[in-house]
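Asker: Below, each chain spelled out in residue letters.
Number of protein chains: 2
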Amino acid sequence: MERLCLPEIFNFAAGPAVMPVTVLAQAQRELLSWSGSGISMLETPFTGDAFKAVLKQTRDNLRSLLNIPENYHILFMHGGASAQFSLVPLNLLGAADRADYIETGYWSRKTMREASRYCNVNVAASSSNTSFDRMPDTWRLDPGAAYCHITSNETANGVQFYDIPDTNDLPLVADMTSDFLSKPIDIQRYGLIYAGAQKNIGPAGLTIVIIRDDLLGRAHTTTPAVFNYQTQAEAGSMLNTPLTFAIYLTGLIFHWIAGMGGVEAMARNSEQRSARLYQAIDASDGFYHCSIQPAYRSHMNVCFTLDNNALTPFFLNSAAKEGLINLKGHPMVGGVRASLYNAMPDTGVTALINFMHHFVEKHHHYV
Amino acid sequence: MERLCLPEIFNFAAGPAVMPVTVLAQAQRELLSWSGSGISMLETPFTGDAFKAVLKQTRDNLRSLLNIPENYHILFMHGGASAQFSLVPLNLLGAADRADYIETGYWSRKTMREASRYCNVNVAASSSNTSFDRMPDTWRLDPGAAYCHITSNETANGVQFYDIPDTNDLPLVADMTSDFLSKPIDIQRYGLIYAGAQKNIGPAGLTIVIIRDDLLGRAHTTTPAVFNYQTQAEAGSMLNTPLTFAIYLTGLIFHWIAGMGGVEAMARNSEQRSARLYQAIDASDGFYHCSIQPAYRSHMNVCFTLDNNALTPFFLNSAAKEGLINLKGHPMVGGVRASLYNAMPDTGVTALINFMHHFVEKHHHYV
Chain A
1 MERLCLPEIF NFAAGPAVMP VTVLAQAQRE LLSWSGSGIS MLETPFTGDA
51 FKAVLKQTRD NLRSLLNIPE NYHILFMHGG ASAQFSLVPL NLLGAADRAD
101 YIETGYWSRK TMREASRYCN VNVAASSSNT SFDRMPDTWR LDPGAAYCHI
151 TSNETANGVQ FYDIPDTNDL PLVADMTSDF LSKPIDIQRY GLIYAGAQKN
201 IGPAGLTIVI IRDDLLGRAH TTTPAVFNYQ TQAEAGSMLN TPLTFAIYLT
251 GLIFHWIAGM GGVEAMARNS EQRSARLYQA IDASDGFYHC SIQPAYRSHM
301 NVCFTLDNNA LTPFFLNSAA KEGLINLKGH PMVGGVRASL YNAMPDTGVT
351 ALINFMHHFV EKHHHYV
Chain B
1 MERLCLPEIF NFAAGPAVMP VTVLAQAQRE LLSWSGSGIS MLETPFTGDA
51 FKAVLKQTRD NLRSLLNIPE NYHILFMHGG ASAQFSLVPL NLLGAADRAD
101 YIETGYWSRK TMREASRYCN VNVAASSSNT SFDRMPDTWR LDPGAAYCHI
151 TSNETANGVQ FYDIPDTNDL PLVADMTSDF LSKPIDIQRY GLIYAGAQKN
201 IGPAGLTIVI IRDDLLGRAH TTTPAVFNYQ TQAEAGSMLN TPLTFAIYLT
251 GLIFHWIAGM GGVEAMARNS EQRSARLYQA IDASDGFYHC SIQPAYRSHM
301 NVCFTLDNNA LTPFFLNSAA KEGLINLKGH PMVGGVRASL YNAMPDTGVT
351 ALINFMHHFV EKHHHYV
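Chains as they are written, first to last, in our numbering: chain A, 1 to 367; chain B, 1 to 367.
What the hints contain is simulated information worked out from the structure, not anything from laboratory work.
Incorrect hints may appear among the rest.
Which copy is meant is left open, because identical chains are indistinguishable; a pair holds if it fits in one copy or across any two.
20 angstroms max Cα-Cα, derived EDC-like pairs, lysine to aspartate or glutamate [stated by the list, open to error]: (1) Lys-321 with Glu-361; (2) Lys-362 with Asp-282; (3) Lys-321 with Asp-49.
Pulled out of the complex, with its shape left as it was, chain A reads as follows (with noise of 0.2 angstroms):
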């Protein structure tokens, strides 16, 4: 399945992002009328049975993916991921003052930054000092803390968890906004995972979150009816109007993850296609430089800079009229970033490639 233009476009946005086109051309036939319905997924009321069942197919089929036990609950959420970092502390901090938080760049200091709002952020843990080319293997938990938060895959900076280390009874929080759905996960190691839709699951503004049952009942008084993980746990994510039509794409997205092989195929993917855009990097001679340790560079966002800095702004609209698009650094960050997320077709990885050689061979003596 094509789209209708020419050349073919690969899309390296970090999110909003690039998703399977099958799962749009489908979107696209039903979205006058879905399921012969006559009217629109868009349409359609959360209160009927037709949505209803679509949210639990959704859900059914997500806890089927991720092999997410029974006594974990899965919530569709409003807001974001940005939200959860105000609602995971009004939710779990409970009679707790403070919680651990794992900071490896930039979003995870973001979320640090508002959690300080509702509690001491313990930094246990920081790669900081070595500007984030690697998670922090040297963890120290706070015995007073509510919980301990990390941010699995830093897309500005393009460094990722591989090796997570235990935490005992502390329950581990985790960002997984970027990394979500792009490799089996060890549900049981966490005590809640929350993740926006705007990478490899559906339309900005979605939120998945997993929790495990033993963590509902502790949100604080302030936490607004909508937020409170307990009571949207209660009332199957219709405490209000659900994100219906974010749901059912989801729904198809989840349904196009399992006709590819699930996780488990996403993950081999995800790994194949970074390692040779990895090795593309490391084989320039220096014209291209990943200052990310080798072990600890994100298969989802692959940040690097131009040796000549002054190149970047001639690079990115080069690839831009090769049809090789959003390939700009994160703005706290600069350089270039190609994000590979599940949908991003490998003939897109080689695209870019072939595009980085070329510009080298054309380029090399200005370096």
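Given chain A's structure and the hints, the job is docking chain B onto it.
Answerer: Just chain B, lined up with the frame of chain A:
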């Protein structure tokens, strides 16, 4: 423009609700490649110029549609109107410990229940003693209140404000979820207006907040940053990833409203459509009955009962077989509810009235 279905379907759902078919058709056409970009609006990064232009245009068009003065901010928020039940007190109470609420039906009661978790709720007026068959016209405002909250249209009960008493210096806050964009609004009478999108605006999840600038900066310290009116106003609703696709669709709907003659035309249409339907109810010799006082009957949600209530399920099933769907009343109210939002074609109301006539002819001997 017609959908590919026979017979034609008319969707009377209270929300998510019918959308203009030309808008859906445009969204369908460009779902895989928006505006020649080669990518879907669902895949378009929110930080890029393309989406920023969509957001600005959508905001500007709303300002123009409703003549919103420059000292009002327009925010595109996450969470739906139910989130605002908490976010209004969190953002507006400031040092005050109380607020006025006007009790007019199911939704205002829900709002008040949530607000009472944050402040003393003064019931400044109520129509509960007449079973919410009208809007209360005598209000006893509390001089210590931070604001006065109304629900401009009660979706479940089918009762609507047409004449709102003056609150003078007390900021008037209105949940306009179910009649927003159905008529002109004298914005300057309000301190804050909010509306969930899933009636006349766009997809569920998106929430529009219109706030006078002097009301910013009063948020309680525990207000999540992404739900703080001031921080979102300063960030142009881009503090976190906005609901990009919902905002795009909303923009198409604003454009459609403007092309149809603006909110003045929407007001004429909804007045005429609802008048025809109420007239059919009132002319049925008691077969159908609307309990709402004529001066307060909603132009958006026409609620009625069958004198022989045992016939209601049969009425609903028979209507659905004729393509008149989602007519079931709110579970807390029962009976029949025909929601006549902007996108409901006049032919839908004609079809419903014809069906109601035929139903009387067939079943009047059972009354």
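Asker: Look at each hint and say if it fits the structure.
Answerer: Now for the hints, and whether the structure bears them out:
1. Proximity of Lys-321 to Glu-361 under the C-alpha cut-off of 20 angstroms is restricted to the intra-copy arrangement: shortest distance 17 angstroms within a copy versus 68 angstroms between copies.
2. In the homo-oligomer, the alpha carbons of Lys-362 and Asp-282 lie at most 20 angstroms apart inside one protomer (18 angstroms), although the nearest pairing across protomers, at 80 angstroms, exceeds that limit.
3. Taking identical chains as interchangeable, the C-alpha atoms of Lys-321 and Asp-49 lie at most 20 angstroms apart only when they sit on different chains, with a minimum of 16 angstroms there against 47 angstroms within one chain.
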